[in-house]
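S.K.: Knowing the structure of chain A, use the given hints to seat chain B on it.
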Amino acid sequence: MQSVSAEDTVQRLIFSLSEIEQLGETIISGRGNFNVSSRTYLRIIHGTLQVTRCAILLFQSTENHLTVEAAINVKAESLCIPVTADDIAAILESSTIDPSSPPPPLDNFFNQIRPQLELLDANLWAPLKIRDDFLGVISLGSFRTQDNLEDWNRELLPVLANQVSVAIAYSRLLDKTRAEQFRLFMLSDTATQICKSLDTEAVQEEAVTHAITLLDASTGGLLLINPVTQCLEMKSIFALDLQANIDLENLSIPLQTDQDAPSALSPLAEVATPAGETLICNSQGNGVLLDRRNLMAVPMRGREDTLGVLIVADKEGRGGTMLDFTNEDRVLLEAFANQAGVAIENAQLYQDALEGRQLQAEMDEAAKIQQNLIPDTLPEIPGYEATGLYFPRGGVGGDYYDCLADSNGSWGLAIADVSGKGMQAALLMATLRAGLHSEVTRKEDLPSMAESLNSLLYASSTSGKFATFFYAQLHPETDLMTSINAGHNYPLVIRGAGGCDELEKGGVMLGMFPNDVLSQISEYEQETTQLYSGDVVLFYTDGVTETINPEGDLYGEERLEEVATRVKSESVNQICQAIYDDVIEFQGEAQQFDDLTLLVLKKSNHPSC
Amino acid sequence: MATSFKLDTRTEDGYAVIQTDGYLNGPTAEQLAETAKDLMNQGYSTLVINLEKTRLVNSIGISILIEIIEFLDERGGGLHFCHLTPVIERTFKMMGLAQHAEIHRDEASATTNL
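Protein chains in written order, with the numbering used here: chain A, 1 to 609; chain B, 1 to 114.
By construction, these hints were calculated from the structure, which means they are not laboratory data. Since this is a predicted model, take the numbers as computed values, not measurements. Watch out, some of these pointers could steer you wrong.
Just the calculated beta-carbon pair ranges, DEER-fashion [as the list claims (entries may be wrong)]:
(1) A/Val159 / B/Glu74: 44 to 54 Å
(2) B/Glu74 / A/Glu118: 31 to 41 Å
(3) A/Leu359 / B/Thr9: 45 to 55 Å
(4) B/Thr11 / A/Ala353: 31 to 41 Å
(5) B/Thr9 / A/Val10: 20 to 30 Å
(6) A/Pro105 / B/Lys93: 21 to 31 Å
(7) B/Thr9 / A/Asn73: 26 to 36 Å
(8) A/Pro274 / B/Thr11: 22 to 32 Å
Chain B regions said to be covered by chain A (calculated; three or more residues, Cβ under 8 Å) [as the list claims (entries may be wrong)]:
(9) 53-60
(10) 88-95
All C-beta atoms, glycine included, are put in the ideal place defined by N, C-alpha and C.
The shape of chain A in the complex, shown without the other chains:
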């Protein structure tokens, strides 16, 4: 033990006062990060009070522990001291505490932490506090120059402790202010940025990642309502660990929960209901929804409807601690979710509009192709009148009709309906037309022609695409008409002398099966019909007979036959117009989705023709 002269004491006192001033300046300098400055404070205490060892222990309120923040000459920097509310209350009563003779309320506490006190070589404690807010303690080891602190040093210690307390409080306030500043910035900046994006998937992903950073969460996800399945479906996840029993990436939660047997994830579905409210699950250490330690799920609303649920989980604090989600967090995330919801809805609307424009452009192109394939006028057939009508309704279908001269003096009349709509249907129709024009010149019989066309369409079309097809070969000199019907609506022969025949003989529609399979199902057959003066042959597509009226009734073949019979004595143009007028009158305001196509052939009333 060294003796201390009065001069030494005065020198140390002057040094201590200047160090206290230094402390104050450090605190107000604005660089108040206690994690960084704690060792500086400790060095000042160490030098001023001439102790062998010293440490600053901070109170961790979430775990109720004192942990070493900074230490000089203490090896066990990872030690931790459990402390109760009663212990804290007793510690706060004293300005300094001698652990070897503590006040009676702290006897038990200090007895229980003997090993930790030995590691700290604790001779004296001074509480760190701001009013009644317990922050921690300064632990001093043995004194270099005397057995106990001199009186002035004993009075100096609480002053130093007070300065350190201010530094801790300031550091925490600064941290909190920075966190709030960060949150406000993130809310204003990122939400604005999200709204600028029109890529649906990118917006969904950004909504999740920004929500996570905004709330200092570790994980999160976005579930959106699928209006078709009425399920919440996972659209974007970040760092949600995949559990053995839940495939989170393909997670789907029914909105309608079974009240008798609700699933563990039903609370998330409830958040997405129109009256759904934010769900906060703070576990206090136990697993909550999706096996998280804590979780908050807020409804994401669009302009009118709830779009889904935004989830953040495992909110972290400093030093690896886990914090509860608070009411302020709820307000913040709800505000963010509202903006992100609008952004997601905007992106979806843009995507829909884009797809709509692309679809419309394709439909326009397909319509041009189809219009070019249908003849503007039909050729004149000796002794006959012929006319056609194509009326598009609700899009581009695959309707087609044609009339072409054949190489042996006969005339070919064709009508077809390709399945589907749009470009694919138009292209398949173009293929059929090209094939037909080629086949007509080859002088083969009609079943052979049908087989060739079937083979061509089967090779050209994707699965499930096919065409109904009717072809008639008219010989004006004999008035015989040979025909083949590949799955098409039966053309009607309205007899001038009365009665009606249907042309049904043929086979399976084109393009459905390859020829080798087709031969095992059925062979194409043709039939021959004798036509007489005044006979009207009516070719049509299902757009005519399947027209529906506002009551949902079908126009039907009977009605078509009645109208055609009523006007059979008129010209083909008048017959065509009468049928068209009747169909349009029948449909009224009902929306139609299939095109209306007619081809009318009439044997002239004048035998000389």
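M.R.: Structure of chain B alone, referenced to chain A:
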């Protein structure tokens, strides 16, 4: 979405480069701070932190980055950031990091005048 965090360190003549890969939150920023302190203890007082593979930083990550800046300041060193996403760059500027650390477009421009 990938969520693991990685740190790569490279030392050059007079400075060290730390490249992060992943979310910079509490635990991962603590890793970064430990690495930075190790490098400082090895005598590298000028550090370049390349955030090319980091898209997210939360408030705790920001707070720990400020600590690193203050540690370096105390030792007369300097911190340089490069390859920041626009959001992170705006965040650093708003949170005051840009006042005490330099922000560069890429590693080459960060190290040119060191």
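S.K.: Taking the hints in turn, state whether each one holds.
M.R.: Going down the list of hints, with the structure as the test:
In this structure, A/Val159 and B/Glu74 break the distance hint of 44 to 54 Å, their C-beta atoms being roughly 24 Å apart. The beta-carbon spacing between B/Glu74 and A/Glu118, approximately 32 Å, falls within the hinted interval of 31 to 41 Å. The hinted range of 45 to 55 Å is satisfied by A/Leu359 and B/Thr9, whose Cβ atoms lie roughly 53 Å apart. Restraint check, B/Thr11 to A/Ala353: a C-beta distance of roughly 54 Å breaks the suggested window 31 to 41 Å.
Range check, B/Thr9 to A/Val10: about 50 Å between beta-carbon atoms, so the 20 to 30 Å window is missed. Range check, A/Pro105 to B/Lys93: about 52 Å between beta-carbon atoms, so the 21 to 31 Å window is missed. Our hint of 26 to 36 Å for B/Thr9 and A/Asn73 holds, since their Cβ atoms are close to 30 Å apart. Separation of A/Pro274 from B/Thr11 is about 59 Å and departs from the stated range, judged on CB atoms against 22 to 32 Å.
A count of 6 residues in the segment 53-60 of chain B with a Cβ less than 8 Å from any Cβ of chain A is obtained; the coverage claim is therefore met, three being the minimum. Beta-carbon proximity to chain A at under 8 Å applies to 4 residues in the segment 88-95 of chain B; the threshold of 3 is reached and the given coverage holds.
In this structure, the hints that do not hold are numbers 1, 4, 5, 6 and 8, in rising order.
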